[in-house]
Amino acid sequence: MPPRTVSAPPDDRVLATGSPRSTVRRRQPARFGETGLGWLLLLPSVAVFALFVFWPLGRTLYLSVHGNDIFGASSVYVGAEHYRDMLSAEFGKVLATTALFTLFSVVPAILGALFVVLLLEARIRGVRVLRTAFALPFAFSVATASVIFAVIYNPAIGVANGLLGSLGFDRVNWLTDPSIALPAVSVATVWMNFGYNILVLSAGVAAISPEVVEAARLDGATGWQLASRITVPLLSPQLFFLVVVSTIHALQSFGQIHILTKGGPDQATTTLVYSIYEKAFAFGSSDFGAASAQAVVLLVIMLACTAVQFGILERRVHYR
Amino acid sequence: MKKFRLGQAVVYVVLGLAAIPVLFPVYYGFVGAVMGPGDLATYPPALVPSELHWQNVTDVFRSVPLGRFYANSAVQAGVITVAQIVTSILAAYAFAFLRLPAKAATFGLFLATLMVPWEAIIIPNYLAISGWGLARGGVTYLGLVLPFLASAFGTFLLRQAFLQFPSELRDAAVIDGCGHWRLLWRVIVPLSKPSIAAVGVYVFLSAWNQYFWPLILIRDTEYQTLQIGISQLNDAEAAQPGLVLAGVALSLLPTLAVVIFGQRYIVRGLTAGALR
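Same order as they appear, the protein sequences are chains A and Y. Just so you know, we're using my numbering here: the first sequence kicks off at 1 and counts up by one. Just so you know, we're using my numbering here: the second sequence kicks off at 321 and counts up by one.
Bound conformation, chain Y alone (with noise of 0.2 angstroms):
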């Protein structure tokens, strides 16, 4: 029994010691984003702040225009994840409940399209879309969102969850005069929310997150996203940590609440994620 609890000990020690290096990151993004000039810009740098320094906070917003990328990048990964949802409702549908010539050869091209990496097609996907004129100006939200409006991997978690429903149900609804339309908005839909969810937080928190595409895209201030923004935050205040930090803590909030409210839908999604 002695054995065992010394045992014990140790494991917590270990685990204490390992969390160090996985925390200190994050305890420093917001500890940091309210340490002053005093704790932050000295010699060697202070761990626990001697002062809260709340004006960071305001200051970032005086440095960047940080509300208007908060909402570029609401619009962007709003319009995508919303846009994702719907198409791959619709192709799932048609996988997983009707009766199509080259049905097979279909979803080999959609899963296909999992295997073909975004760095590798993003130039002619550039020059198509600011040729198109869709990198200045208004209709750059246009451009953000147009190569992102439909997903392999929705379609492909959303068909595996669809082929749960016993085909009774479609043959049932279909003979009982509800027609594909309202089978798949009244029963199916509803029925398959929390497959939804999943995909929908994946497709926003990869939308949110998307890093190469915004940077490359994106001429005007006015349509750069939060991403964007915390980059150049740091390339412009380099010598101001706690403005950086601050403007990094802000923009973290949207994804840390998906991530703690939505964490059954993200392990729901994880093996699905072999496929992105």
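Bound conformation, chain A alone (with noise of 0.2 angstroms):
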């Protein structure tokens, strides 16, 4: 049965605190009743960030300098020890692995959505459809995704190798080739976001004023001065959040690797997040102390992104 308990009810105090009485003098600073509810209605949020955010922050730093056993009970402080053993050829290609993989998934995703929604400009009767079509992929899970690409990889009775054997050309190991296995991955993850992208940038193209490109038009613009000169320069905001987003996204994806190659073949496809699952909790594996060293240094990479949002790059914006 849900528990029906978490969703903590209001009791009857944030009632009497919210009473007029408390409330009608104003100017009185630091009166308890407004100040009192705001808490009580902060409190709620509050538990359950520090305790399944800040608290579990402080805790991977800790486990991140402590040795653990097999069972993986933090045992004794072992200094910069997990981050040293990073230090290593096999570790570097797994971040070698994620930069591969966030560059391949990011970058066709967003220009193959930007260069539909230019297309979806022309004016052409049945854009509206044409976009929803375009935006499915979105309601798609990265599980549901990744099962029907493992369907279609299927080295022996799968279509991606029935459409190479009609066409002449060899079988491929989509999953199981060390060199092919990535790229592989990349293309579904490509496909699982490629919906989102058309989604913000149509709400970009929509939010263009008619009258720019009207003018543009009237001045004798063609379809491509009018993308290249007005459109693409008026959709930079959305464009820099999704390339910000996605490369969010793609070095925190799991589903598709644990579903399509379990971090294989040959560690081909073991990313950080993959990385740090190995270590934590495949296989039995309880090393906890080696994975929340690398959970620090995504947690690191991903401050860096957030950092290069607010600072450098989005001065360069265009923004209305």
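These aren't lab readings, by the way, just hints derived from the structure by calculation. Glycine is no exception: its CB is placed at the ideal position from the N, C-alpha and C atoms. There are no misleading hints in this set.
With beta-carbon atoms standing in for the labels, derived distance ranges:
1. Y:PRO357 - A:THR306: 46 to 56 angstroms
2. A:THR306 - Y:LEU511: 26 to 36 angstroms
3. A:ASN173 - Y:PRO357: 20 to 30 angstroms
4. A:LEU164 - Y:LYS513: 46 to 56 angstroms
5. A:PRO155 - Y:LEU511: 52 to 62 angstroms
6. A:VAL300 - Y:ARG539: 24 to 34 angstroms
Take the two lone chains and join them into the complex the hints point to.
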């Protein structure tokens, strides 16, 4: 049965502190009524964040400098040992795989969606239907999309090899060939992200004032000029937004790798998050110390991405 | 004029070509679900079913307890959605309408949670929740939802919506003896329904689609969620893609419905989703 109690039902104290008597007297600083009510309203969220975000954050740092026994129980302080262990070719490969996966999955999904959205701007009929069709992948979860791609990539009976076969090419081991697996997982990820990108860019196009476009048309701008000089510059906030959000999303990707390749073959698709999973949870491994150190690396990379979002790049974007 | 028509034709052709890779997995996910072994387990595989093999849809329930997975996901996503809406409304009201000491700092702390990737703090959360015994039996539901009962994204989006109301509204309501509680539930919440719906749609989709947390937490098949169930179905029945795709198609129905009927709310929450 659903745990009804967890949704923190409002209790009577809230009503009491919210009574008019405590709030009518304005301009008096530090009235307990309003402050008390405020903290009471914030309490459920603050409690959740404290317990399940901030405390675990500190705990991750703690675990990353401690050893653990084979059952995962935290043991002695080991200093930077787990961090030193990461200065290895193995972890270097994990970082390189993560970077490549991010590149392969972010760039094509944004450029492809931009291309489609610009084409939808050419005055044609059926734009609404087409836009909805192109946005459909948004409705698919990572798990459902990954399973569909697992069927398509099946080496013996999958459609991907069926197509190659009917064109006279040899079969490809999409998910078990070390040089093909990462691009194959990236293609599936591009597909998963495509719908969201279409929605964001379409919303951006819809916000462009028709007068600007009409003025450019009257001045004789062709379709290409219109796109490159007007639409794309005016879409730069959305494009920038997508670059940051997709990068963060790609760095966090897990489900498609777990379903399609389990990090293999030969570690070819072991990204940072997958590596954390393997160290901490896969095959009964409970190496929480080493996994936590990698989690700290993930955290630092994500914070850097956020810093880029708010700092350097944002100034170069054309805002209306 | 003739040149313009030609240009349009080219646009249609290019869009049509671009639509093939985007729509094919959608098509295959649903059509493959009613294809028989004669169409799927052969080489080269058929793209159009030779007959409608509806048996997949009933067989998949025999392979895995899909109905149970469905119910588990409904409870998990339902509780998370309702809880996040309630906690976000309460917090957003405090941030938008109440004078509080250290309000800006507290709000900053809320926003800071958005910068912490769940994957970076999943280990201590797992140790805590499983250590409290919430990974086995009926309390698994509690373990599934506990870390996700509040949302900085929802609070942020609703605060933005609440700030659209003139501050006179608050003062008038308070002076009329209405009180904060009634102002919130009788005036602010009813007038903010579209924003609340936007939060609801996003929270539901992300809760329903969760993968990492249920994967590592749940020990008993009875309490497995649909996403993990589909992945296990794929592992167990790889030789019968029709069965696997039937499970996929069935599991897609709720999110498809939410995306189609909640489309305008999705667009509303798009840019706010920047912060997720």
